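Please model the entire structure based on the sequences and the hints provided.
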Amino acid sequence: MDDCVDAAHKAENSLREIFAATPLQRNDFLSQRFAAEIWLKREDLSPVRSYKIRGAFNAMRKVLASGGGQKGFVCASAGNHAQGVAFVCRHFGVSGVIFMPVTTPQQKIDKTRVFGGDAIEIRLTGDYFDDTLAAAQTFCQETGAHFLSPFDDADVIEGQASVAVELLAQLPAPPDLIVLPVGGGGLSAGMKRYLAAVAPRVELILVEPAGGASLTAALAAGKPVTLDRVDTFVDGAAVGRIGDLTFEILKTTAPSNVLVAPENRICTTIIEMLNHEGIVLEPAGALALDVLPELKERIAGKTVVVVTTGGNFDFERLPEVKERAQRYSGIKKYLILRLPQRPGALRDFLGLLGPDDDIARFEYLKKSARNFGSVLIGIETRDAANFDRLFADLDANGFVYRDITNDETLAEFVI
Numbered sequence: 000m001d002d003c004v005d006a007a008h009k010a011e012n013s014l015r016e017i018f019a020a021t022p023l024q025r026n027d028f029l030s031q032r033f034a035a036e037i038w039l040k041r042e043d044l045s046p047v048r049s050y051k052i053r054g055a056f057n058a059m060r061k062v063l064a065s066g067g068g069q070k071g072f073v074c075a076s077a078g079n080h081a082q083g084v085a086f087v088c089r090h091f092g093v094s095g096v097i098f099m100p101v102t103t104p105q106q107k108i109d110k111t112r113v114f115g116g117d118a119i120e121i122r123l124t125g126d127y128f129d130d131t132l133a134a135a136q137t138f139c140q141e142t143g144a145h146f147l148s149p150f151d152d153a154d155v156i157e158g159q160a161s162v163a164v165e166l167l168a169q170l171p172a173p174p175d176l177i178v179l180p181v182g183g184g185g186l187s188a189g190m191k192r193y194l195a196a197v198a199p200r201v202e203l204i205l206v207e208p209a210g211g212a213s214l215t216a217a218l219a220a221g222k223p224v225t226l227d228r229v230d231t232f233v234d235g236a237a238v239g240r241i242g243d244l245t246f247e248i249l250k251t252t253a254p255s256n257v258l259v260a261p262e263n264r265i266c267t268t269i270i271e272m273l274n275h276e277g278i279v280l281e282p283a284g285a286l287a288l289d290v291l292p293e294l295k296e297r298i299a300g301k302t303v304v305v306v307t308t309g310g311n312f313d314f315e316r317l318p319e320v321k322e323r324a325q326r327y328s329g330i331k332k333y334l335i336l337r338l339p340q341r342p343g344a345l346r347d348f349l350g351l352l353g354p355d356d357d358i359a360r361f362e363y364l365k366k367s368a369r370n371f372g373s374v375l376i377g378i379e380t381r382d383a384a385n386f387d388r389l390f391a392d393l394d395a396n397g398f399v400y401r402d403i404t405n406d407e408t409l410a411e412f413v414i
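The end of the sequence shown is residue 414 by numbering that gives the first Met the number 0, with every number in the run present.
Simulated from the structure, these hints should not be mistaken for lab results. A hint or two may mislead.
Simulated restraints on C-beta separations [claimed, not checked]:
id : residue 1 : residue 2 : range
1  : K9        : E315      : 36 to 44 Å
2  : Q169      : D394      : 23 to 31 Å
3  : F18       : D387      : 46 to 54 Å
4  : K9        : D387      : 55 to 63 Å
5  : F314      : Q24       : 17 to 25 Å
6  : L170      : G277      : 20 to 28 Å
7  : G66       : G277      : 42 to 50 Å
8  : T231      : E276      : 22 to 30 Å
9  : A299      : D387      : 30 to 38 Å
10 : D394      : A195      : 53 to 61 Å
11 : A195      : E362      : 36 to 44 Å
12 : P104      : S373      : 45 to 53 Å
Result set (DSS-like, lysine-lysine): computed pairs, CA atoms no more than 30 Å apart in a straight line [stated by the list, open to error]:
id : residue 1 : residue 2
13 : K70       : K9
14 : K107      : K70
15 : K110      : K295
16 : K295      : K321
17 : K222      : K250
18 : K250      : K295
19 : K250      : K301
20 : K9        : K110
21 : K110      : K70
22 : K9        : K250
23 : K250      : K61
24 : K110      : K61
25 : K321      : K107
26 : K321      : K250
27 : K107      : K61
Quick caveat: nothing in here was measured; it's all calculated off a predicted structure. Where is the CB? At the ideal position from N, CA and C, for every residue including glycine.
Structure follows, in C-alpha cells:
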C-alpha cells in the first residue's frame with residue numbers, strides 16, 4: 000500500500016507540468032437540498048474537460064522514462080480518452096495514432112485533432128467500437144507502437160488516483176463519502192486503492208449507467224463478465240466488460256455501494272445542473288450527481304464529495320436530453336390514438352385537453368376504407384398528474400389509445 004500511495008503522489012505532482020489541480024467547489028444549491036456539505040470535484044474543468052488526461056499522462060510519462068514509446072502510442076476511443084492521449088502526445092512531442100469508429104461525431108474528431116495537432120493521426124475504422132479496438136491492437140502488433148488502454152492499465156489506474164490525492168489536500172479533513180462514476184473502473188480502482196491506504200474511513204459510492212452496469216454484473220458473478228447488450232447513451236461510462244486489473248481492486252466493494260442510474264433520469268440531472276448552476280456536464284459527468292436523491296438519508300449532515308468526471312457535451316444532443324428528461328419526469332407522453340373517422344372526432348379529443356396540456360407532435364393518416372384512423376400524438380404538460388386526469392377523461396369518453404412512451408422498440412422508430 001505504501002508503494003501505491005507514493006506512486007499516486009508522484010503522479011499527482013508530475014501532472015502539474017500540464018495543469019493545476021482541478022477545483023473542489025462547495026455547491027450551495029445541492030448542500031441546501033440534501034442538508035449536507037456537498038463539494039464538487041470538477042474534473043470537467045481539466046484541459047480536456049475530463050479526468051482521462053491524468054491516466055494518459057501518467058502512463059505515457061512512465062513509458063517514456065523507461066525508454067519505451069519510440070515507435071509511438073496508440074489508443075482506441077471515440078471520446079475523452081482520445082482527447083487525453085492527443086493532448087499528452089503533443090505535450091511530450093511524441094507521435095500518436097488514434098483509432099475512432101467511423102460513426103464518431105465530427106465534433107469529437109475535431110476536438111481530438113485540436114488537442115493533438117501535428118503529433119497525432121486519426122484513423123476512422125469500424126462501425127462499432129469492438130472493430131475499432133481490434134484494428135488498433137493489430138496496428139500495435141504490426142508496428143511495435145505502445146497501446147494505451149483507457150482503464151485496464153496499472154499506470155493509468157495510478158494516474159487516476161491523483162484525483163483522490165488532490166481532493167484530500169483541498170479539504171481540511173477527509174470527507175465522509177465520495178460519490179463517483181464507474182465505467183471500465185480506472186478512476187474508481189485508483190481512488191479506492193489510494194483511499195484505503197490513507198483515509199480508510201471514507202465511504203465510496205460507485206455509480207454506473209443502467210445500460211452498462213458491468214461492475215454490478217461482475218460482483219454478482221465474482222469475475223468480469225461481458226454484458227449481452229450495452230446502451231451507449233452514457234458513452235463515457237457505458238462499458239460492456241469491466242477491466243480485469245480494475246476488478247481485482249474493486250471486487251471487495253459492497254454491492255450496496257454500487258448504484259445504477261437510469262439513462263433518462265441522468266438527463267434530468269444534466270438539465271437541472273445546466274439550468275440551476277450553469278454547469279455543463281456530459282452524461283457520464285452527471286452520473287454521480289444523479290444518485291444523490293437516493294442517498295439523501297445516508298448523506299444528511301455529512302461532508303460529501305461528488306466527482307463530476309466530464310463536460311464534453313455536444314449541444315446538438317440537447318434536444319434529445321431534454322426529450323428524455325421530460326419523458327422520465329412524466330410531463331411528456333406519446334400516445335397512439337384510435338380516432339373515429341367522422342366529422343368532429345378530433346374536436347372531441349382536443350376538448351379533453353387541459354389548459355396546461357400542449358400538443359408537441361401530431362401525425363394522422365386518414366384511410367377512406369376504414370372506420371378508424373391512427374394518430375401518433377405527443378403531449379407535454381406542466382404536471383405529470385395531468386395525465387391521470389386526461390387518461391380518465393379519454394376512458395370515460397370511449398377513446399381507445401395506447402401509451403407508447405416507454406416502449407423502446409416503438410420509440411426507436413416513431414419518437
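Let me make sure I understand: some of the numbered hints might not hold for this structure. Which ones are they, in numerical order?
Going through the list in order, the structure violates hints 2, 11, 12, 15 and 26 and respects the others.
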